[in-house]
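Okay, here's what each chain looks like letter by letter:
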Amino acid sequence: MAKLTIPAQELMYPGHAACPGCGAALAMRLLLKGLGPRTILSIPACCWTVIATPYPTTALGVAVLDSAFEATGASISGLRAGADALGLKDVNIVGFAGDGGTADIGLQALSGMLERRTNAIYVMYDNEAYMNTGIQRSGATPWGAWTTTTPTVHGHPGKPELKKDMMGIVLAHRPAYAATLNPSFAEDFERKVERARDIVGPRFLHILAPCPPGWKFDSAQTIALGRLATDTGIFPLYEVVEGRLRVTRKTGSLKPVSEYLTAQGRFRHLKPEDIERIQVGVRATWEELLKREREDLSRAMTPSAPAPAEATLAAK
Amino acid sequence: MIEIRFHGRGGQGAVIAAELLAQAAFLDGKMPQSFPFFGVERRGAPVTAYARIDDKPIGLRTSIVAPDVVVVLDPGLLATTRVTDGIKPGGLLLVNTHRGPESLAAPPGVRRAVVDATRIALSHGLGTTMMPIVNTAVLGALARATGAVSLEGLTRAVEQFVPARPQDNRFAARDGYLGVRIEAASEAASGAAAAAPAAPARPRVLPEGPVASLSSEAIDTAAWRTFTPVIHLDRCTKCNFCWKFCPDDAIEFDDVGFPKIRLDYCKGCGICAAECPPKTIEMVATEI
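Protein sequence lines correspond, in order, to chains V and S.
Residue 312 in the numbering used here sits at position 312 of the first sequence, with consecutive numbering throughout.
Converting from the second sequence to the numbering used here requires adding 316 to each position, the first position being numbered 1.
Warning: the hint list may mix true and false statements.
[Claimed, not checked] DSBU-like cross-link-like pairs, simulated, lysine-lysine; straight-line CA separation at most 30 Å:
#	chain 1	residue 1	chain 2	residue 2
1	V	Lys271	V	Lys163
2	V	Lys255	S	Lys595
3	S	Lys595	S	Lys554
4	V	Lys216	V	Lys163
5	S	Lys554	V	Lys3
6	S	Lys595	V	Lys216
7	S	Lys595	V	Lys250
8	V	Lys216	V	Lys164
9	V	Lys3	S	Lys576
10	S	Lys554	V	Lys250
11	S	Lys595	V	Lys3
[As the list claims (entries may be wrong)] On the chain V side, residues computed to face chain S include the following (Cβ under 10 Å):
#	residue
12	Ala24
13	Ala25
14	Val50
15	Thr53
16	Ser184
17	Ala186
18	Ser219
19	Ala224
I should point out that these hints are in silico values taken from the structure, not numbers from a laboratory.
All C-beta atoms in this analysis are idealised placements derived from N, C-alpha and C, irrespective of residue type, glycine included.
Using the sequences provided together with the hints, build the complete structure.
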């Protein structure tokens, strides 16, 4: 057998109830490969509540707490306190929530968990709308996208607001580790999961989860579309370790965003000027990322620079 | 009262079909009801929906276990789902297939009818080859085969309640009405229909309890599939991309490291075929 580039262990079982070509299913499979069996998941209301447990079975080879929609962050603080009380030192405590349960409904619990500096990993798998209930817009739905609650008929423009910057919100809490992950880049994905697993303190993983029925594309294109999301700069891959940002995939020049947008039915109505507006925003965000990376690097190279406050606190 | 049970897949329009049928019956002056079976309505998953039609108000609110008519929107379901369970003697089985009625397995005394709704739907541009929207063509066939609703009522219901492309859907209903093939009652009564056995029930003893303790591998999702990946091993380089990107963990390796599809679980998404660098994987329409 050729050498495997990602761990062989499988802790997500087939027979689960995800749609064909589901990006969130692949995200879970890859995540558990990196975390291993000593993991406790807390899953609030989201697609994965339904995917995981066609009664009386479970598709997950790890313990799962079925938590309330708004409570993922609080529940993992509690799970960690419980694990500590029992003297369990080698378990990963992981919240696994969708974008609605993170950017909208569970935002305060996430903020609380980060502020308490709970030693746990919070994962947001981002399919950019409330897909489980039938494609309603969330705070993480991108500008201009069609959903059932942001129509595109009779002059309606799709979602009129911008996508909420969850990484920005999380980074303002100075987490021990935060990263963006994309299943289309499975090796980079696993490296980040393993890195997060081995760091102590509050950690946040933002995973892109392409959704064939919700984004309106052919299920065979999940990986190709995910790749385009990163290579156009729509979903850049980076990580922030103890306050220092590093972009983990650079391709020289970004592909035009139109390649990503025109491959999906939810953006079909966009006019050339709309696409140009998105292109301008993506370019600006990308430049900002590269600038921050350069600044963080030069600060790290300066010997007199004080260590970021969170680095010492995170060790607690 | 006539009781009709629909079998389809998530995304195919079975629930809408039951609803449209009820609307059509209402426009005909009847007293209908319709409702879906609430299960996991994922794209591709088997879905059941019900409709009842009577001349007087219907008090019954239960799901239909002894239908007069069974409608199957996807012939792939015949191999995995016991669609004719409980069907009444003298009842009717209507299947969307390009084959003749004699190809269908049905209990003795059940009349068989077929309509090539996939071809009709695609000829009017409804849905895609992977997922044709066949419900209006099937309803046209049902109107003719059962007389449960009139073509006029159905046409008006399509015009009023189908949000997308009402005209193409109206034409599809008409073509289904004209294109349905029904076996004569005498042939059905002779028992010739029982030639082939119905799909066997998968023996499935699942423990019940407050904690889900069984792996989901006990559940087979092969019925979700409309296209099946076939790996041409002569060109396979064992790069493992198909395995790496499979969202269903439906690929394993044989003794010498070649990938193998776990056909009980593959949902036919096509990712492996799209991502295979030497393009050795082909998606083949599941032959019924």
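Under 10 Å, Cβ to Cβ, is where V:Thr53 needs to be relative to chain S, so tell me if that hint holds or is violated.
Holds, because the Cβ-Cβ distance from V:Thr53 to chain S comes to roughly 5 Å (cut-off 10 Å).
Satisfaction of hint between V:Lys3 and S:Lys554, Cα-Cα up to 30 Å
Distance of about 9 Å is within 30 Å: holds.
Does the structure keep V:Lys216 and V:Lys163 at a Cα separation of 30 Å or less?
Roughly 19 Å separates the two Cα atoms, so the pair holds.
Status of the hint placing V:Ser219 at chain S (closest C-beta pair under 10 Å):
holds, 4 Å
Is the hint on V:Ala25 kept, meaning its closest Cβ partner in chain S is under 10 Å away?
holds, 4 Å
Restraint satisfaction for V:Ala224 [CB to CB of chain S, less than 10 Å]:
This hint holds: V:Ala224 lies near chain S, its Cβ roughly 6 Å from the closest one there, short of 10 Å.
Status of the V:Ala24 interface restraint (C-beta, 10 Å, chain S):
Where the cut-off is 10 Å and the nearest Cβ of chain S is about 8 Å from V:Ala24, the hint holds.
30 Å limit on alpha-carbon distance, applied to hinted pair V:Lys3 and S:Lys576
holds, 17 Å
Just to be careful: measuring from the Cβ of V:Val50 to every Cβ in chain S, is the smallest value less than 10 Å?
holds, 6 Å
Is the hinted pair V:Lys216 and V:Lys164 satisfied, with a Cα-Cα distance of at most 30 Å?
holds, 22 Å
For the pair supplied as a hint, S:Lys554 and V:Lys250, confirm whether the alpha-carbon distance does not exceed 30 Å.
holds, 28 Å
Measure nothing beyond the straight line between the CA atoms of S:Lys595 and V:Lys250; if it is 30 Å or shorter, mark the hint as holding.
holds, 27 Å
Against the hints set out earlier in the document, no violation occurs for any number.
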